[in-house]
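Student: Protein chains in written order, with this note's numbering: chain A, 9 to 583; chain B, 128 to 484.
Worth flagging that the hints you see were computed from the coordinates, not collected in a lab.
One thing to keep in mind: the hints can contain errors.
Here are the simulated DSS-like cross-link-like pairs (lysine-lysine), alpha carbons at most 30 Å apart as the crow flies [claimed, not checked]:
1) A/K326 <-> A/K27
2) A/K438 <-> A/K247
3) A/K438 <-> A/K158
4) A/K27 <-> A/K165
5) A/K27 <-> B/K363
6) B/K363 <-> A/K476
Okay, the calculated bits of chain A under chain B, using three or more residues with CB under 8 Å as the criterion [claimed, not checked]:
7) 336 to 342
8) 360 to 368
9) 371 to 380
10) 409 to 416
11) 419 to 431
Note that the Cβ used here is the ideal one computed from N, Cα and C, for glycine as well.
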Amino acid sequence: MMARQLFGFPGGLVLDDRKDRALHAPIAPVPLPPLLVLPLKQHLGAPAVPVVQEGQRVHFGQLLARAADGISASVHAPADGEISFIGLHPVPDDSGLAQPCIGLCTDETSAYEEEEFVDDISLTDADLRERIAQAGIVGLGGAGFPSAQKLTDTPVKWLIINGAECEPYISCDEALMRERASAIIEGAQILARLLRPQQVLFAIEDNKPEAIKAIADACDETAIEVVVIPTKYPSGAQKQLIQNLLGFEIPRGKHSVDLGVVMYNVGTCHAIARAIAHSEPLVRRIVTITGDAVERPGNYEVAIGTPIEFLLQHVGVKTTQLRRLIMGGPIMGIALSDHTAPISKLSNCLIAAGPGELDESLNPRPCIRCGDCVEVCPASLLPQELHWHIRAEQYARAEALDLRACIECGACAYVCPSQIPLVQYYRHGKAVLAEQAAARAAADHAKARFDAREARLAQARTRRQQRKTAQAAAMGASPIGAVDATVASALASNTGAATTPSEPITTASETDANANNISTNNRINNSSTDKPVIAQHNDRLADVLAAARRAKEKKQQTASPTVTGTDPSDENAKP
Amino acid sequence: MTLAISSPHRTRGERVGSVMRMVLYGTVPGMAALMAFFGWGTMIQVWSCIWFCLAGEALVLALRGRDPLRELQDWSAVVTGVLLGLCLPPYAPWWIAVSGSLFAIIVGKQLYGGLGMNPFNPAMVGYVFLLISFPVSMTAWTPPMTLAANPPGLFDSFFLIFAGETWDGRSLQALRAGLDGFTMATPLDHLRTDIANGQMISEVLSQPVFGAFAGYGWEWVNLAFLLGGGLLLQQKIISWQIPTGVLGGLAGSAVIFYVWNPDAFASPVFHLFSGGTMLAAFFIATDPVSACTTPRGRLWYGLGIGVLVYLIRTFGGYPDAFAFAILLFNLAAPSIDRYTRPRAYGTLTERPQEPAP
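Taking the hints into account, I'd like the entire structure generated from these sequences.
Tutor: Spelled out as C-alpha cells, the structure:
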C-alpha cells in the first residue's frame with residue numbers, strides 16, 4: 009500500500025456515520041420468503057422483458073426476464089418455485105408507483121445451491137463478457153448501470169474499484185470487503201483483464217481500517233493499488249472520487265469512460281466474481297438493515313425480491329418504535345410507504361428509524377444567505393442562488409447557474425441552518441427544465457414537419473406548373489394556342505377553387521396537432537399518419553382535376569374564356 | 128410545516144436562532160469593554176434598542192399576518208438591536224434609540240419582506256438614518272470615564288438618557304467635558320480636526336484622549352470585539368473572508384499613506400483599533416443577509432469596505448464611516464456575487480493526465 013497523492017474535491021462534510029451498529033456481527037443469510045417479487049426494472053435503462061409465464065415452474069438461477077434492447081439487464085430466479093404473477097406491484101423507488109414485476113412462489117425446500125466452480129483463466133474474453141452480460145449484473149453502488157455495458161472494447165486508462173461507501177449507516181460494502189476480500193479482488197482482476205487499464209485503483213475511506221487491511225492483503229502480488237481516502241461525504245460519488253484520485257473533472261455532457269476511467273463498486277466486483285466462478289447470476293446481495301427500531305441490526309445476505317416486510321420481521325423491528333423506513337442512506341435514501349415493496353438489486357441499506365433518529369418534521373425559515381451550503385457543495389455550485397431562482401420560477405437562470413451539475417448529494421440541505429429542503433427545490437427545477445426541453449423539442453419537431461409539408465406542397469405546385477407550361481408550349485404550335493393557355497389558366501384557377509375548401513381544414517387540423525404536441529407530446533404519431541392522408545388526397549384531387557381538364561381540352565378545340573384575372577400559379581388563392 | 132418526505136432525512140436542524148444567539152455572545156466582551164470605559168449608557172442603549180426592535184418586528188409581523196411568536200424566535204431582531212445599540216453614543220437621548228430601532232426594523236428590514244430579504248444591513252440603516260437626522264446627538268460621545276470631569280453613575284445615566292439631564296441638573300454637554308474642562312471628542316474626531324488644523328500626527332497623538340496605540344479606551348474596546356470576533360470565527364458562525372477583507376483593506380490603505388507621509392496620516396494600527404473597526408469587521412459587515420454570498424465575493428466585499436472606510440475617514444466628511452461603507456457595499460453585493468461565482472464542476476475542459484507510473 010503506497011501513499012498516493014490525492015487531489016481532493018471541493019466541499020463535502022464529515023458526518024456521524026453510525027455504521028458500527030450493523031458491523032458487530034458477520035454477514036448473515038436471510039431465509040427465503042414464501043413469495044419473491046422481482047421488478048423488471050432494477051437498473052438504469054429499459055425494463056427487462058419476461059420470458060416466463062404465470063404458473064410456470066422455474067429453478068434457481070433461471071432467466072425470468074431477458075434484457076431489452078439498448079441499456080438493460082436481465083432478471084433471474086433467486087430460488088426454485090412457481091411464477092405466481094406477472095404484473096404491477098409496489099417497488100422501492102421514489103415515484104411511489106407500482107411497476108411491472110414477476111412474482112415467484114418459492115418451494116419449501118428451496119435453498120441456495122452452489123454451482124460448480126469455473127476457472128476464469130480457461131475462459132476467453134468473449135466468454136467472460138457474455139457471462140457477465142447474462143448474469144444480469146448492474147452497478148450495485150446505487151446507479152444501477154448494467155455492468156456488461158461498461159466493459160468497453162478499447163482499453164481504458166484507469167479502472168477504479170469504489171469501496172468508499174461514504175454515506176452514513178450503510179455498511180454493506182464494508183462488510184463485504186472485510187469478509188470476502190478475495191472474491192472482490194477476483195472480480196476486479198476479471199474486470200482488469202477485460203478492460204486492460206494502465207492502472208487499477210481500489211479506493212477505500214479511512215474510517216474502515218479492517219476493510220482496508222483485508223483488501224490490502226488480498227491485493228498482495230496483484231497490480232491493484234489500494235488508495236485510502238479521507239472520510240468525507242460524498243467521497244464515494246463517482247465524479248468526486250475521480251476528481252479526488254485523478255485530479256480532473258468529467259466535463260459536462262461527457263461520461264467518465266470518455267476520459268478513460270471506468271468505475272465499479274465492490275459489490276459489483278463480488279457479483280462478477282460469483283457470475284464467473286460459480287455461474288451464479290445476480291440473485292442476492294448484501295443489505296445493511298439498521299436503525300433505532302431494529303432489534304438485530306446487521307448486514308444480511310438477502311435474495312433479491314424479498315419483500316421488505318418479511319425482512320423487517322426477520323430482523324425484529326419494533327413496530328411501535330418505527331417512525332420512518334428509508335431505502336438507502338439517511339442523506340440520499342428514499343422514504344418507503346409500502347412495506348410490501350421488495351429488495352431490488354440496488355437496495356443497499358434499509359433504515360428503520362426510531363423516534364428522533366431522523367428529522368420528523370421540517371421547520372424551514374427564510375434563507376439567511378449564510379453560505380454554509382456553498383462551502384459544502386461538492387459541485388462548486390451556489391445552492392442558495394439556485395434555490396432563489398427556482399423559488400422565483402426562474403428556471404432558465406437556475407440552468408445558467410449549472411443546476412444540472414448538481415448531484416443531489418444533499419450536503420447543502422444537511423447543513424442549512426434554515427432547514428430549507430434544498431434538494432427538493434433542485435429536483436423540481438430539474439423536472440421543470442426537462443419538461444420545458446421536451447416541449448421545446450416537440451415544438452421544433454412540429455415546426456420541422458410543417459416546414460417540410462410547405463416545401464412538399466410548393467414542390468407539387470411547381471411540378472404542376474411545369475406540366476402546364478409544357479402543355480401550353482406543345483399547344484403553342486397552333487394559332488389558337490394563346491386561347492388555350494387562357495383556358496388552361498382559367499381551369500387552373502377553378503382547380504384552385506376546388507382544392508381550396510379542403511386546404512384550410514388541413515391547416516386547422518395541423519394547428520391543432522401542433523398545439524397538442526406541445527402539451528402532450530404523444531400525438532405526433534397519430535397526427536403524422538392523419539396529415540399525409542389529407543395531403544395525398546389533395547394531390548390526388550389536383551391530379552384528377554388536371555386529367556379532366558386535359559380531357560376537356562382534347563374535346564373542346566375552341567372555347568371562349570369565361571374567367572380571367574386569377575394568377576394560375578396561386579393555388580391557394582381564394583376566388 | 129410538513130413537506131413531502133424527501134432526502135436528506137437527517138439534517139443539522141434549524142439553527143437560525145442559535146446562530147444569531149452566538150453572534151450575541153460574541154458581542155459580550157466588546158460590550159463589557161464599552162461599559163468599562165464609557166459607563167452604563169451603552170447597556171441602557173442596547174436594552175432600549177433590543178426591546179424596540181422586538182416591538183417593531185412583532186408589530187409588522189402581526190400586520191403581515193405572520194406568527195410573531197415563531198418568527199421572533201429567529202433572534203435576528205435582537206441582533207439588530209444589539210448592534211445598533213453598540214453604535215449609539217452611550218448617553219444619547221432615549222428617542223434616538225427608539226426611532227433608530229423602529230426605522231431599522233420597519234424600514235430597513237420588514238418593508239423588504241423580513242428576515243433574509245433586506246438588501247441593507249438593518250442596524251446600519253437605522254444608524255445612518257439617525258446620523259443624518261440628528262447629527263448633534265449622534266456625535267455627542269462622552270470621553271472615557273477616567274478622562275471625564277464628571278463620570279455619570281448608573282442612576283445619572285438613566286436620568287441623562289430619559290430626562291436629558293442628571294439628577295443634579297447637569298446636561299450631556301457638561302458631561303462631555305474632559306478633566307481640563309474642554310469638551311472631548313472621540314479620538315477619530317480629534318485626529319481629523321487637528322490634522323486639518325495642520326498638526327502633526329505625533330502632536331495629535333500626545334493628547335490624553337489617545338492611548339498606547341490608538342484612542343484611549345477605544346483600543347481596548349476594539350481588542351475586545353476582536354476577541355468576540357475570534358469566537359465567531361472559531362464557531363464557524365462567520366466566514367473568514369469578510370473580516371480579513373475589511374481589516375486588510377483598511378490596513379493596506381493605511382500602510383500606503385503612512386509609508387508615504389507618516390506625519391500626516393495615522394498608522395495602520397491606529398486605524399485598526401479606532402472607532403468601530405473591529406465591531407464592524409466581525410459583527411456588522413459579516414451580516415450574511417446583506418453581504419456577498421460567494422467566498423471570493425466576500426473577500427472583495429470586505430476589501431471594498433475597508434478601503435472605503437479609510438478614504439472617508441481620511442479624506443471624507445465623517446470621522447468614521449463604517450455605516451456608509453457597509454451600506455454602499457450592500458448595494459454592490461449582488462453585482463460582486465455575479466462576477467465571483469465559483470466555477471461549477473465539469474464546466475472546464477481539461478485534458479486528462481496520463482496515469483502516474
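Student: List in ascending order the numbers of the hints, as given earlier, that are violated by the structure.
Tutor: Numbers 4, 6 - these are the hints that the structure violates, sorted from lowest upward.
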